Amino acid sequence: MSFLTINNLWKSYGDVQVLERINLSVEQGEFVSMVGASGCGKSTFLNMLLGKEQATRGQILLEGNMLKQEPDEERGIVFQRYSVFPHLNVLQNVMIADEFTEAKILGWVLGSKRKLIKEKALAFIDAVGLTPALKKYPHELSGGMQQRLAIAQALMKAPKILLLDEPFGALDPGIRADMHQLIRDIWKKNKLTIFMVTHDIKEGFELGSRLWVFDKVRHDPHAPNMYGARVTYDLALNTGGQSADINNIVAEINQHEKNK
Amino acid sequence: MKRLMNIEPSPVVKVFLTMLPFVIAVVVYWLASEARLSENPNDKLLPSFTQIAAAVERYAFVENKRTGEYLFWQDSAASLWRIGLGIGISACVGLVVGMLNGLLPMVRAGLSPFITILSLIPPMAILPILFITFGLDELAKVMLIIIGTAPVIMRDMQSQVTQLPREQLIKAQTLGASTWLVAIRVVLPQILPRLLASVRLTLGAAWLFLIAAEAIAAQEGLGYRIFLVRRYMSMDVILPYVIWITSLAFAMDFSLKKLSMLCFPWFHQGEAK
Amino acid sequence: MRKIKLLLVLITLLTSQQLLAKEKFSICWSIYVGWMPWEYGDSSGIIKKWADKYDIEIDVVQINDYIESINQYTAGQFDGCSMTNMDALTIPSASFVDSTALIVGDFSNGNDGVVLKDKGALTDIKGQKVNLVELSVSHYLLARGLESVGLSERDIQVVNTSDADLVAAYSTAGVTAVTTWNPLLSEITAQPNATKVYDSSDIPGEIIDLMVVNTDTLNENPKFGKALAGAWYEIMQKMRADKAVLTHMAEASGTDLAGYEAQLSTTKMFYQAKDAVAFTKSEQLPKTMEYVAKFSFEHGLLGDGAPDAGFIGIETPAGIVGDKNNIQLRFNPSYMQMAADGKL
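If you're matching them up, the sequences are chains A, B and C in order.
With this note's numbering applied, the first sequence corresponds to residues 876 to 1135, in that order.
With this note's numbering applied, the second sequence corresponds to residues 1381 to 1653, in that order.
With this note's numbering applied, the third sequence corresponds to residues 14 to 357, in that order.
Bound-form chain A, shown alone (with noise of 0.2 Å):
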């Protein structure tokens, strides 16, 4: 039995049909990059693993069991924007992860567990190397610490699946490159499974372990919602290998892009 298993997936809204037939499964440890034209459903894909959406039909199984419906601690995230806490500094937007858990009533924790929480919140900052920004707030942090923030306080939680819903969209291309470095390291340090939705193939193949494709494989040009988007390509990556196939899933994604 696979880590993630996905048994024959579908997504509808009414009329619209995103995503159908999904078959895959994934090993504890990959790191699987997901791309697609915009509206292909990649991003529907990665609410359903949040549990922010359901399935229509078919299920996701993780080590077994049925994912919640819901989000929960078993599955981290870091959006584009917004997931960390304005009202809240460094230090404190990291331990909040851990007082949500150990403070059911109050939200508050004192004393020697609280001094474990910070020890705790303290390595992780520094393993995203936000150590000088300790007491900053969101607002005084450029958009890439805001980022290492978001992750850092995903670590916390030890997740059993981190999801990245294009992470460094926002992040101008040198930081991009630093923050690719990082999300690496984290990956291989904590044995982490991930999964990320990215506009940019590049960094899909640059990062992943495999990538996924999703693209429509039916079309009726007078009824365009009414088949769904499947996974046409599921490639393992080597790091920084097979620069012809890069070529031809770019030019097949631009070519529907321009189609639609």
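Since the hints were derived computationally from the structure, they do not count as laboratory data.
Mixed in with the good hints there might be a few duds.
Label-pair ranges, simulated between beta-carbon atoms [to be verified]:
1. Lys62/C - Glu1437/B: 19 to 29 Å
2. Asp1633/B - Gly1018/A: 31 to 41 Å
3. Leu1588/B - Glu303/C: 38 to 48 Å
4. Asp354/C - Leu1588/B: 19 to 29 Å
Computed list of lysine-lysine pairs in BS3-like fashion (alpha-carbon distance at most 25 Å, straight line) [said to hold, decoys possible]:
5. Lys1032/A - Lys1066/A
6. Lys1394/B - Lys1010/A
7. Lys1011/A - Lys1394/B
These figures come from a predicted structure and were not determined experimentally.
Note that the Cβ used here is the ideal one computed from N, Cα and C, for glycine as well.
Knowing the structure of chain A, use the given hints to seat chains B and C on it.
The following block gives chains B and C in isolation, referenced to the frame of chain A:
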């Protein structure tokens, strides 16, 4: 020559321009008052500054002959207590209901349309019902303020909660937060500065309802005094009372703003400059 | 240049209009049983007829808020205004707007009253909160009532209550005593637990409803006084003779004929000019005004510069009350006399 829209006043000019309308208002009043008083020295409509000062002296710094109290301070204390209690309760109720509505779809479905309708009822139009329900004493005055302001705050709080980025709420859930913890640790602290802003905006209405309540039935209060002495046209008392009410309203607004900036600096980052 | 010329012409026109307008007068009134004749006189054209006779113009304006109407008159917006004797003393006269009671229309003979809930005698009022319009004739009536049973205002607590809300206020549990005037009074006494324990028929002739005009305006323009007096007593005649006129007044005041007649029954109207003259000339009037002045002084209504109750002089045919060097309120029966003698 720059465009008019690009010309900024220098600090000195700015102070001058700020003061100008006030000075003009005072001078216009003074001229009008002089003109009327020269015709009838006992005219009460536009009393001179000396007459106003004498009235302030009489009300604020001399014991009243009949009651032995300083009427001005007694009135101020009564009114401030009422408006403070009223707006305070409004804020608390508005916060709780607004958060419940904003956060819980089940509550929102039940309450939100009702509150919307409720906030549109003009309280002054249903005064007799309010009287019969709450009597005519302190409770009624505070209730009028609450009924006038709480639904507005509730609606504002609800909309502020729903405007918080969904990402934050989902993030909190992935960090293991229950609904309760999301409410008190994510939503509440972010909503508080918005509550202060909402209270600042409803203060005007609160004063209006306070004065109205005191005009209807009262034994003391700023609104009571104004409506009482209006019976014999003591503008020398009414004018300082009006200025005092304006100053109190301004002071309340200003201190709420400062409080918000002090307690929630992260909220005011955009306004810093 | 042309513009300036035009402006000049305009200004000249306006100012000359102003000069001509000396012949134009305005009076204001508010809804009350004894003042509805002014409404009738206006809508039936009787006032216009009399104004035309004296070659002047009289504007009749209804003001919804009684106090506002007096304030407007005091500020000089109107040449005359309907009001009670007490308000005439405490508002225009205390502001040193020399005023003349041109027409004595009626006095309240039960139109103002003290009502207790679940209690039967005025002495039971002791220790209660009394809802009323503070510093109004209701307040005066209450003070006179308390005096009559050996109590004073110290024995009660006065709660200033807007007249618009008094009826609703009475139906709340916390309100146990009110003092008010008609038609509110009859609404309140109609409730099962209400007992009228004191009313203005216990002090007949003390709450007087007047048409008060500016003394200077009257002295400069006797025509104005003559036209008003002439019109008033013509209206009085019609009012007495014609039910249709009464019905008109009833409807204009928001009630029906029966309701209006009920209010009239507690109002001593002076339908005949000679009765009004006799009342004005009586020895009782200065005594009444002395009471009123005393009450007003004790409640600070004569202004804070007033050293005693006689500070504002009141002239009546039977004698002067208070400071004869500072007369600000005058009861002048001469115009009513002219009406009585048919000399208008």
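**Report entry** Hint check, failures only
**Finding:** 1, 4, 6, 7
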